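Trainee: In order, the protein sequence lines correspond to chains H and X. Numbering-wise (my numbering), the first sequence opens with residue 1 and increments by one. Numbering-wise (my numbering), the second sequence opens with residue 1 and increments by one.
Derived from the structure by calculation, the hints contain no laboratory data. Do not take every clue at face value.
Computed cross-link-like contacts, DSSO-like style, restricted to lysine-lysine with a CA-CA straight-line distance of at most 27 Å [as the list claims (entries may be wrong)]:
no.	chain 1	residue 1	chain 2	residue 2
1	X	K534	X	K565
2	H	K117	X	K400
3	H	K34	X	K558
4	X	K188	H	K117
5	X	K558	H	K31
6	X	K400	H	K34
7	X	K488	H	K72
8	X	K192	X	K400
Keep in mind it's a predicted model, so treat the numbers as computed, not measured.
Here are the chains, one letter per residue:
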Amino acid sequence: MKILKFLFILFFIFNINNVALAKSNDQLELKISKNLRCLICQGQSIYDSQSDFAVSMKLLINKKINEGLNEKEIYDLLIEKYGEWIVYDTNLNKNTFILWGLPVLLFLIGGAIILKKLVFRKV
Amino acid sequence: MGLVSSILIFTISLKSYYLKVIDKRIFSLSFLQLFFVIISFTSLVICFVISDFSNETVFNNSHTNKPIFYKISGTWGNHEGSLLLWLLVLTLFLFLFLLSSRGEPKQYRALTLVFQQVIIIGFFSFVLFTSNPFNYLFPRPNEGLGLNPILQDPALAIHPPILYVGYVGTSLIFSATLAAVVENYISKDWAKNIKLWILISWVFLTIGIMLGSIWAYYELGWGGFWFWDPVENVSLMPWICLTALVHCILVFEKREILKSWTIILSIATFTLSMCGTFLVRSGILNSVHTFANDPTRGVFILSFLFLLIFLSLIIFFFFNKEDQKDNSKVYFLSKEVSVLINNWFLMYFLSVVLIGTVYPIFLEVISDNKISVGPPFYNKLIMPLLIFFLVFMSIGPNFKWIRETNINNKFQLITLFLVSLFLSYFLFYKFGQSSLTNILLLSASLYLFFVTIKDFFSKNLYNFSKKIAHFGFSLLILSIVLNAILSKEVTANLRVGDKIDFENAKISFSSIKSIKKENYQSIVGSFTIEDKRKIYEFNPELRIYDQPIIITSEADIKVSLFEDKFLVMNTIKGEEYFNVRYQIKPFMIWIWISTLLLAFGGFLSLYNRFHEK
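Generate the whole structure from the sequences, applying the supplied hints.
Mentor: Here you go:
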């Protein structure tokens, strides 16, 4: 079980690490637009789409960045306006804890089953 | 055409008859079935080729001035036709199974046939009742509505048939497994026989997914090759499951352990393929690839799916006899355990993809909350564990069966690990990026890469196919990681005559011209990109199709061994500016090459199997 705990902790460290900040405003803008859904398209991000909606969203993002808002503030603003549907990167909250937790839980259970089988066989 | 449909029904009733008859007549009957499906499929193709618009499917999806190649591929570029193709492959596979399994016990073959017929009947009635491709339109229209132009593409023309062979192969695995469970014929012989079908489906599924991905890369015009789009996930899930099964069946063939697990995997693989069909065809998913939305179809597939799952569960619980004689000792350092670990990780990846795809649907039904699960979710959950997976994959295959007593190449393995760690750190240092996940992921993939290369030099020549496939996989991960880290891009709005600087290169928009083509109007932009060594000419294109009126943009891609240069332009409404995006994507071509190697490894293993015989 020690290994599993270790894996678990490492896993979270990685995730924190992933949120490394983008360097410049341009990169931040790209990053944000890749993470937003174009609401009038079928499964395209704002970044990938050329629709009117996407174009105006890109302008909005640009404006907000220049106003000095950070990434999270921009997401919060958009979620308030358009709902959670617009953000590809879902937050961990009461609606999504199953989404994030279940795969990890299954992984741990799988590991436990394998370990148990091996230990039993040895006896 | 109605005649053909009635013949189809006739065949169904004939087939149901099988439940009682187990003798030579089966051959002629299943040939008859195959024959009828071929007839109906060919006649649909002919309808498309001669543009017979009295047929509703043709009317909806074809047009007279479409090139002949796309008239043919249009046959399966729509819901009805693709289902007919599915049926064709289904019956063809069944027939091939009958031919190839002469040495197997009679009861087992017959039962496989019965289960397969249940599936075939399900699909037959699905085609007939909800999506008949031969609906008749009375005042015969003069012109069709045309095929969606983004589907008019060579890679996508052959993508569905290949993918379907993979999908349908899983149905045969499913039926054969159930039959073997009932007949208590789960044995080494069975494993040998079924391995053939597992490998066939796996190879085709791999190539099918790759084709779809290549298509998305150059046709959708976004420069990405995998979007974690629901429809893509749906094809990835059976693939992961099949990959696990390929490994698992090897263990079973050698040692006859993991019996129940093998059965569960076979059932799961097919269920996932069916789920895929359900999710795509019902239009529940919001996706770029969705072409057909019809709730009644969704309900039909869903109930059929539940029936099959129910059936397989019943069979599994009532007939599966757990071996009481536990003669097998399993040691921690052994090939069996490393395959088990492989399966463990694969199941985790599978659960991530499955939950990520399905969860938003459930949440919306239950709580009215719409959420999106996109690439960040999959990256966060898969990447950290992929590192461990890669490390295990490097070490595991070196173990012997039953028990590894001394690892004689311990020294080599550790050295290689240190080398790859160092190398990736160096790479990051040079390119000035640092993120712990990326460094570790890169070192793990480099490690696997080195180890698999090293394996080619080891003396034993047996299992060459495994080496190729593992090498292909390592190359695939390595190129994906490098591609993700080193890609560069610029987006700008340009007019004719404008110039911008990017990464020591000058991009200039020199001219634009318009050409009339067979079924579209083409606007070709001409760009030059000048870096220190060379001048590149780029001619990205915008196509305005007549029928239906859709604008697509065709990227111009300069492919080379180390990087792809990718330039695409788009219109901006009501302005003389064009939106231009230029990307440098390193090692793109290696992604395709490595996938081919992966599939080739599977193919080689198939070839060996035939050779043994």
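Trainee: Against this structure, judge whether each hint is valid.
Mentor: Results for each hint:
Distance hint between K534 (chain X) and K565 (chain X) is fulfilled; the C-alpha atoms sit about 13 Å from each other, no more than 27 Å. Straight-line distance between C-alpha atoms of K117 (chain H) and K400 (chain X) comes to about 20 Å, which keeps the hinted pair within the 27 Å bound. Taking the CA atoms of K34 (chain H) and K558 (chain X), the gap is about 24 Å. The hint holds against a cut of 27 Å. At roughly 22 Å between alpha-carbon atoms, K188 (chain X) and K117 (chain H) fall within 27 Å of each other, so this suggested pair holds.
Under the criterion of a C-alpha separation no larger than 27 Å, the hint pairing K558 (chain X) with K31 (chain H) is consistent with the structure, at around 25 Å. With a CA separation close to 46 Å, the supplied pair K400 (chain X) and K34 (chain H) exceeds the 27 Å bound. At most 27 Å may separate the alpha-carbon atoms for a hinted pair to count; K488 (chain X) and K72 (chain H) meet this at roughly 24 Å. With a CA separation close to 20 Å, the supplied pair K192 (chain X) and K400 (chain X) stays within the 27 Å bound.
In this structure, only the earlier hint numbered 6 is contradicted, and the remaining ones agree with it.
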